[in-house]
Amino acid sequence: MAEIQTHAAEISDQFEEHLDLSTDQVAERLDKLVGEYKLPLDEAKRSVRNSYMNEAGIERDDMASGGGENDEVLVNTIDQDEQWVDITVKVVDLWEPRSDSISQVGLVGDESGRTKFVSFTTSELPLLEEGKSYQLENVVTDEYKGDYSVKLNRTTEITELEEDVEVGDSNVTVTGSLVDIQSGSGLIKRCPHEDCTRVLKNKRCSEHGDVEGEFDLRIKAVFDDGNEVRDVIFNKEATVELTGITLEDAKQKAMEAVDTSVVAEEMREDLVGRYFTVTGPELGRYLLGNEFAESRSVENADELLIKARSL
Amino acid sequence: MSQSEIPTREVAQRVYASELQESTYSFKESDDDRAPVYTLLPSGEKANRVFVVGTLTEVEDIGNDEEYLRGRVVGPTGTFYVYTGQYQPEATATLRTLEPPAYVAVVGKPRHYETDDGETLISIRPESINVVDTDTRDRWVAETAERTIERIEHFDEASDEYNNMAREQYGEDLSSVKDSVIKALLSLEESDPNADTDSDTSEDADADHSAEAETEAEPDAAESTGVSTDAGSEATSETEV
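Residue numbers (the working numbering), protein chains in the order written: chain A, 1 to 311; chain B, 312 to 552.
No lab work stands behind these hints: they were computed from the structure.
Please note: incorrect hints may appear among the correct ones.
[Said to hold, decoys possible] According to the in silico footprint, chain A covers these stretches of chain B (three or more CB under 8 Å from chain A):
hint : stretch
1    : 320 to 330
2    : 422 to 434
3    : 449 to 457
[To be verified] Counterexamples of contact, computed for chain A against chain B with all Cβ distances above 12 Å:
hint : residue
4    : SER22
5    : GLU72
6    : GLU207
7    : GLU228
8    : GLU269
Every residue gets a Cβ at the ideal spot worked out from N, C-alpha and C, and that includes glycine.
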């Protein structure tokens, strides 16, 4: 079990500053999990590490997990919370951080697809540049409602790469009829609290109570192709492009009617029943409708006719 | 309008009027009062919701005290009847203000009604009615052909409970469903590709160019099925209600 010894040494090194651990002691625990409980080695290491972290009363972010020993993974293979991994990615998109505690937030991608990343101010990491490629060692996976992202932390090693990492397309495309627009569409108000973008209901934020909301536009649409139903969210930009109604227009309409719901009504009247092809990344049960076009033409009528006649 | 449907929203089936009219059997899958009611399509699929596009040719208030509107939505294979009243305020408001003829897209639930003679009539209770253009209408005709062909192809699948249910209720013969697909597709070829795309010009959109042109596949068959032209109106009439 020389392998166990190596891993045990690595773990005891990591806790050098915090706990007095002998390699044998760690190896014993690892051995038990692997031998007796048949855990995969990775899981065993994780479990042992976590228990030492509890013992030492330290947070994950305060710990160097010993860079270089993580698995190098492709971003779309990330399917577990709280895994320490290395990734080689290109920065695809940088978003406006919603809070001072976040230094950078955006999308990184590799050949397998894209994932969200977050870098915290307290980690004091160098800033990543959009369009550049990096090796990111020692990032932690995170899960929120079934969606995975990676968090950079103080121990993350950032190496800018000469070569360009090719980013695969993880976008999804749906074609169907827009059959419904759900509540919470049109002219909405969001909670103005830092880091909170919740949509207000009856002028209340479910987290912050009564607040003076900030106006925004969006559409939560239901697409249906006769086989499958897809929920699609159009953000402000997409909504404006889709409907021609700007935020200012919408406010004006709402003011005239003394009712914000007129905006959604107008959008419903305009959009429901029309066919679109929508492409964008998936976010939980939603597809983000970043790109779209009305799907108007019938190209396969002849083909269908031949098929129908041969039935 | 759809917050009660969080877990899974029912797909809107694409079905031609002729097949929907034959779909006289409906059922529930649980004893719960609020359980969805499904209409069984002869091609072996259940429909709790449908999406149809056609020409609105007529709106009539058939209510006594309350407003109760009946719209006729005509497609290449027949007529959909859309009934809407005070419980569908949006659809009712739309239907009230529409000037036929107009192409409309209807999302709604099939409803069954038994006449005094014991005949079952199927109508649609709309969730929404929207004016659409010629292209959208053509798109629907083609899409419905595709979905219907898929159902017919899948009908041999003996393990599918809705196929079995359909066999039991309506029998094995899907020839009328197949015919409706062919009829509908031919109506597409006959419509003028350069027709005015305004949403409310169904009646005069066809005419001049019609039948000839692009029937590369089997020009004879196109003629021989005896389908007259017309994107909408005529094919209907002999139907009931």
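Taking a Cβ-Cβ distance under 8 Å as contact, does the stretch 449 to 457 of chain B have three or more residues in contact with chain A?
holds (count 9)
Beyond 12 Å from every chain B Cβ - status for GLU269 of chain A
violated, 7 Å
Mind verifying the non-interface call on GLU72 of chain A? Its CB should be farther than 12 Å from each CB in chain B.
The assertion about GLU72 of chain A holds, with a minimum of 38 Å to chain B.
Between the stretch 320 to 330 of chain B and chain A, are there enough contacts, at least three residues with CB-CB distance under 8 Å, for the coverage claim to hold?
holds (count 6)
Please settle this one: GLU207 of chain A was flagged as non-interface, so is its CB more than 12 Å from every CB on chain B?
holds, 20 Å
GLU228 of chain A non-interfacial with respect to chain B [C-beta, more than 12 Å]:
Violated: least Cβ distance 7 Å, not greater than 12 Å.
Distance rule for SER22 of chain A, whose beta carbon must clear each one in chain B by more than 12 Å
Fine: 53 Å to the nearest Cβ keeps SER22 of chain A off the interface.
Given that the stretch 422 to 434 of chain B was listed as covered by chain A, double-check it with a C-beta distance under 8 Å for 3 or more residues.
violated (count 0)
Consistency with the previously given hints fails for numbers 2, 7 and 8, ordered from lowest to highest.
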